[in-house]
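*Asks:* From first to last, the protein sequence lines stand for chains A and B.
If you read the first sequence in numbering that gives the first Met the number 0, its first letter stands for residue 0, the second for the next number, and so on.
If you read the second sequence in numbering that gives the first Met the number 0, its first letter stands for residue 0, the second for the next number, and so on.
One should not assume that every hint holds.
[As the list claims (entries may be wrong)] Chain A regions said to be covered by chain B (calculated; three or more residues, Cβ under 8 Å):
no.	region
1	3–14
2	24–30
3	44–55
Hints in this document: simulated from the structure, not taken from any laboratory.
Quick caveat, the model's predicted, so the values are computed rather than measured.
For each residue, glycine too, the CB sits at the ideal point set by N, CA and C.
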Amino acid sequence: MSLDEIKEILINKFGEDILLESEVESTPPMLTVAASRIAEVCMELHTNEHCYFDYLACLTGLDHGPEQAKMEVVYHLYSIPYNFQLALNIVFPRTAEDTELFEVPTVSHIWRTADWHEREAYDLVGIHFSGHPDPRRILLPADWEGHPLQKDYKEQDYYHGIKVIY
Amino acid sequence: MANPIQYQFDEAHLRRSAPNKFSPEDLKVEEMIVNVGPQHPSTHGVLRLEVITDGEIIVDVVPHLGYLHRCFEKHAENLPYNQIIPFVDRMDYLASMNSEHAFAMGVEQMLGIKDQVPPRVEFIRVLVAELNRLASHFVAIGTYAMDIGAYTPFLWLMRDREHIMRLLEWTCGARMLYNYIWVGGLFYDLPVGFEKRCSEFVRYLKPKLAELEKLVMENKIFVERTANVGVLPLDLAINAGISGPMLRGSGLKLDLRKVDAYSVYPELEFDVPVGEGLMGTIGDCWDRTHVRVRECYESLKIIEQCLDRLQSDLARTKEFDPRALVPKKIRPKKQDLYVRAENPRGELGFYFRADGKSDVPFRCKARSSCFVNLSIIGAMAKGCMIADLIAILGSIDIVLGEVDR
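Bound conformation, chain A alone:
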């Protein structure tokens, strides 16, 4: 299996405009896809017998800060039968006060790995996933303010009366 074959599978199924220009060089090879259709793309990659990505290794949320005002999610897939690794990337506008909340479609119904990883991405980066079965914080306390991995994150002064910055 090669990257071109995967591209062909996706273009045949979803049309030319599903694949976007990728900015970064990546190992394993990365495909940038339209953010709102990520769940359909993942489902196709998961079920199509020519690629069969049965293993979601990692899901990462990235924040680019308020100036660039964009966020990313990177999915690292692995196909055990073909022994092939692939990264998927989506870029979407960052949620600020004046913009509408962008929700990434969840992939937790495809791979159970995504369940906790999406909770973590919500908890630490502040990415919202639509359709997630259990959208709670996972690592931080439920009443923590803010998402620490955002580039402009500021700690709260006090948490339960305890000084946060010492």
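Using the hints provided, position chain B relative to the given structure of chain A.
*Replies:* Chain B in isolation, oriented as in the chain A frame:
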């Protein structure tokens, strides 16, 4: 002092910061909530399990994590690559060498110096990583036996682990958090006489492992407690991203040391043990423990081969400098990289985003193996007895330092 009082009590501070997922109104009449942890010997650290039970039978398990959360990823975004290594140690503190190895591999790959690392350095890395894998499996098996109610194996394994700790302490001065494997090389060469002492240890350990198998794996009580308990079917395991001995216990022969053939593993001979359902069903708690015990033998094989090479064609020379390749400044070009390695608990992955302009990663994500492995406990424990929940949790082999990062 401007503000001498650090904390002033207030009623409002007593609100719950980690509320239960289920409230009593959600439950049926016969169900109740049992809270296990966060301070409990069987949770192997600070983990809280919210258990919904119907009498003795478990209806649902909701893990609450984060009691040991230090936000490794935020630290990593503020530190140069070589200074992140001590933080990597503190994630999986039972297998620091393995984590360091994975991290160093990733950064070397980004810098493009992966193929220049001298073979002696790579063999020393594999040697110490496999020693650490043994030590980690000893803790896993020992504490697991203790969960089940056997105290002796724990003491015996801690005794044997102590030899490994002393050997590793000899290499770098620390017992658990080494900072020994550096990007591009090692902190120091092995101490003089290390290879000989290590061979003595291997000779000492072999009969002990046979003893362990008799004591634990064939023990009737242990088999009764673990066989057919917490069966994890293979399709569920793959779908949930399970890795390491847990995935192999479910019957899939997937070892990243073989599949990715990273470092010098392709030059070494070893087998990949898988669960065969010898005492019950494939993928039960006994199988997972069995895989760990068999892996100890395989690690010993690797250690012996490394020692052979390190004493013959790769023997120590006066000119050899393990720091020769260590870069003064680490600034990879703009790129993404996901590196993965086989740790004692499964696939440890690091995802780096380098922006090409700075010495610190733009984003560094750690894909923790036991974070993912733990997520399946709800599905595994459903319908079991409460005592079996303890057996299942122990067989997952979590290290909370890595779960919470």
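*Asks:* Do at least three Cβ atoms from the region 24–30 of chain A come closer than 8 Å to Cβ atoms of chain B?
*Replies:* holds (count 5)
*Asks:* Under 8 Å between beta-carbons, do enough residues of the region 3–14 of chain A, three at least, approach chain B for the coverage claim to hold?
*Replies:* violated (count 0)
*Asks:* Taking 8 Å as the C-beta cutoff, is the stated coverage of the region 44–55 of chain A by chain B satisfied by three or more residues?
*Replies:* n = 3 at 8 Å, threshold three: holds.
The structure fails hint 1 only (numbered hints given earlier).
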